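*Asks:* Spelled out, the chains give:
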Amino acid sequence: MPNSVRVLQISLRRRVMDRFMTALAALTVLLVLLPLGAIFAYLLYRGFGSISWAFLTQIPKPVGEAGGGMANGIVGTVLILGIASVMGVPLGIGAGIYLSEYGQNRFGDLVRFVADVMNGVPSIVIGIVAYGLVVLRQKHFSAIAGGVALAIMMVPTITRTTEQMLLLVPHALREAAYGLGVPRWRTTLSITLRTATSGVVTGIMLAFARVAGETAPLLFTAFGNQFWNLHANQPTAALSLQIFNYAISPFDEWHRQAWAGALVLIVLIVAAVSAVRIAVSRGTLAGVR
Amino acid sequence: MSNQAVPHPSFGGPEPDSVAREQVKTAANPLLGFSGGEGADTAFRFAMLACAVGVVALLGLIVYQLVTGSQLSWHTFGWKFFGSSDWNPVEDQFGAFPFIYGTLVSSFLALAIAVPLAVGVAVFITEMCPGWLKGPLSFTTELLAAIPSVIYGLWAIFVMVPLLRIWVQPFLARTLGWTGFFSGPPYGIGMLAAGIILAIMIIPIISSISREVLTVVPQNQREAALALGATRWEMIRIGVLRNARAGIVGAIILGLGRALGETMAVTMVIGNRPEIAKSLFAPGYTMASVLANEFSEATGDVYLSALIEIGLALFFVTIVVNAMARLLVWSVTRGLPARSNA
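Protein sequence lines, in the order shown, are assigned to chains A and B.
Residue 1 is where the first sequence starts when you use our numbering, and the numbers rise one by one after that.
Residue 1 is where the second sequence starts when you use our numbering, and the numbers rise one by one after that.
Hint data in this document are derived by calculation from the structure and do not stem from the laboratory.
Incorrect hints may appear among the rest.
What the hints assert, rightly or not - One side of the interface only, derived from the structure: several residues of chain B facing chain A at Cβ under 10 angstroms:
1) Ala47
2) Val55
3) Val121
4) Leu143
5) Leu144
6) Gly257
From a predicted model like this one, the values you see are computed outputs, not experimental measurements.
The beta carbon of each residue, even a glycine, is placed where N, CA and C say it ideally should be.
Using the sequences and the hints given, assemble the complete structure.
*Replies:* As structure tokens, then:
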């Protein structure tokens with residue numbers, strides 16, 4: 001029966017091909033996970049090897065002197081992120097509410113498209129814009145300028161996730177509120193937004209985590225500072241900037257500190273994100289869901 | 001939604017003409033303590049509209065800043081700016097071609113490395129891997145996206161570049177040196193290093209959006225292929241990938257957009273020299289890197305304006321690339337159950 005033999009051969013070839021492609025796909029996963037593992041392992045290894053109490057509490061020492069730390073950078077990062085959140089979060093949430101509650105029209109589509117496209121604008125370009133908007137007018141670098149740059153970057157992400165989360169709230173909930181005579185704005189704030197709180201907060205944290213490690217837009221807005229500064233209107237240190245400056249320097253001591261800084265930065269981001277998520281799930285905002 | 005779960009915010013008092021109505025409502029439901037009267041709905045709506053207009057205005061502001069800032073350079077150099085290779089701040093001569101070249105080469109090199117890997121990961125996670133592995137795998141690949149660019153750069157300088165210098169580049173020079181792309185002294189730092197670190201950075205975005213696109217391919221396409229006797233790979237090729245093609249291309253273009261604008265990691269490993277060389281071992285310079293390195297030190301109006309013009313060009317290219325990608329991804333995922341409950 002030559003015919004059936006041929007059928008068997010083809011099916012063998014096809015089976016081998018199937019197995020081969022499966023193995024190939026699994027291999028790509030390994031190849032992608034490899035650098036991830038390498039980065040985290042090396043970050044933990046060098047970071048924990050270099051971190052110390054002095055690193056967390058002191059400001060940088062001049063080149064050549066051992067010791068010193070990035071305490072001013074840590075505080076500066078928190079300051080800049082605070083400014084960015086105060087400006088970016090309300091605007092993003094507002095625009096998200098508009099899109100989900102009133103935005104089923106041409107203009108809504110335009111806003112969606114603009115937000116998506118803005119998400120892809122390179123951060124360094126946003127830095128130029130913040131430079132023109134703030135630094136050029138004030139004639140000096142400042143934490144505010146850095147905050148403006150990061151706020152612009154946060155808005156599109158928050159807008160789109162807020163919209164998506166609000167749309168997940170069943171329409172029946174809104175209708176029930178209308179039925180009880182609750183005005184629309186109150187329904188939106190107290191029913192829709194509250195029900196979606198955990199999702200909205202997740203979106204905010206996503207945006208936050210994305211900008212927390214940004215360096216490029218801070219280069220010529222916050223600029224960096226070797227000393228303590230708590231004035232929002234002055235050049236301010238940031239962890240990411242210091243990591244960059246130390247990494248490209250020729251000094252071993254500074255390389256060591258760059259790794260410690262990188263570890264602190266990652267820990268700060270993870271801590272901030274998890275703290276807010278815990279607060280949402282069981283803290284002050286409990287019962288909202 | 002239960003009543004006691006919602007705290008009663010203390011706004012101003014109710015309007016006089018609705019006091020009686022308010023009292024009835026309040027007794028029934030503390031939620032209704034404050035309705036804000038007739039105008040409140042309109043006011044709220046306008047406030048939210050203002051936020052939405054604000055988002056559009058932000059984009060307008062970006063364009064305005066870049067265009068006005070680059071006027072001087074545009075009037076001085078015109079189109080020649082993009083074709084000239086002469087970058088000489090001392091003599092106020094500026095040509096952006098080496099940077100455009102560096103940006104394009106590093107980005108496409110990154111795509112060449114990242115696309116097969118990212119699509120492979122997406123296919124594996126959506127179609128092949130056992131259910132219990134799906135969550136952890138997609139979480140881990142997404143974790144790559146959460147690492148700040150500067151930390152990628154740090155790792156690249158101290159781990160990847162030495163590896164390239166000692167192992168990879170000598171090997172490539174021996175085996176593929178004859179092509180001319182892999183010749184010259186193996187510094188480690190250079191175009192190749194930039195391409196590889198960019199690839200690592202854009203894999204998460206390409207694979208997560210590809211995954212999104214793959215999951216919305218209707219299940220009956222898969223079932224139809226299997227029912228006709230296809231093996232799993234044939235089912236993926238015919239039933240899934242062919243249907244998701246436009247969306248995957250969109251995902252790849254989004255990755256390209258990310259690569260074009262990526263700044264810190266590239267700046268740290270590309271070598272920062274405005275040269276055009278055939279060999280990928282040679283140092284280069286990208287549009288984003290020159291901004292990062294020279295913007296805050298730019299003395300002179302023409303210099304600053306030339307840098308802003310590079311920023312404008314970068315902005316324009318990424319906008320076009322992103323708009324294209326979004327339309328492609330939307331064409332696949334639109335009209336799907338995502339907002340059926342709205």
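*Asks:* Now, for every hint given, state plainly whether the structure supports it.
*Replies:* Status of the hints after comparison with the structure:
Using the Cβ-Cβ criterion of 10 angstroms, the hint placing B/Ala47 at the interface with chain A is satisfied: the shortest such distance is roughly 7 angstroms. A least Cβ separation of about 5 angstroms between B/Val55 and chain A falls short of the 10 angstroms threshold, and the interface hint therefore holds. Here the hint on B/Val121 is kept, as its CB sits about 5 angstroms from the closest CB of chain A, short of 10 angstroms. With 10 angstroms as the threshold, the beta carbon of B/Leu143 comes within range of chain A, its nearest partner Cβ sitting at about 7 angstroms, so the hint holds.
Nearest Cβ of chain A to the Cβ of B/Leu144: about 5 angstroms, under the 10 angstroms cut. The hint holds. Because the smallest distance between the Cβ of B/Gly257 and any Cβ of chain A comes to about 5 angstroms, under 10 angstroms, the interface hint for this residue holds.
Comparing the model with each numbered hint stated earlier shows that all of them hold.
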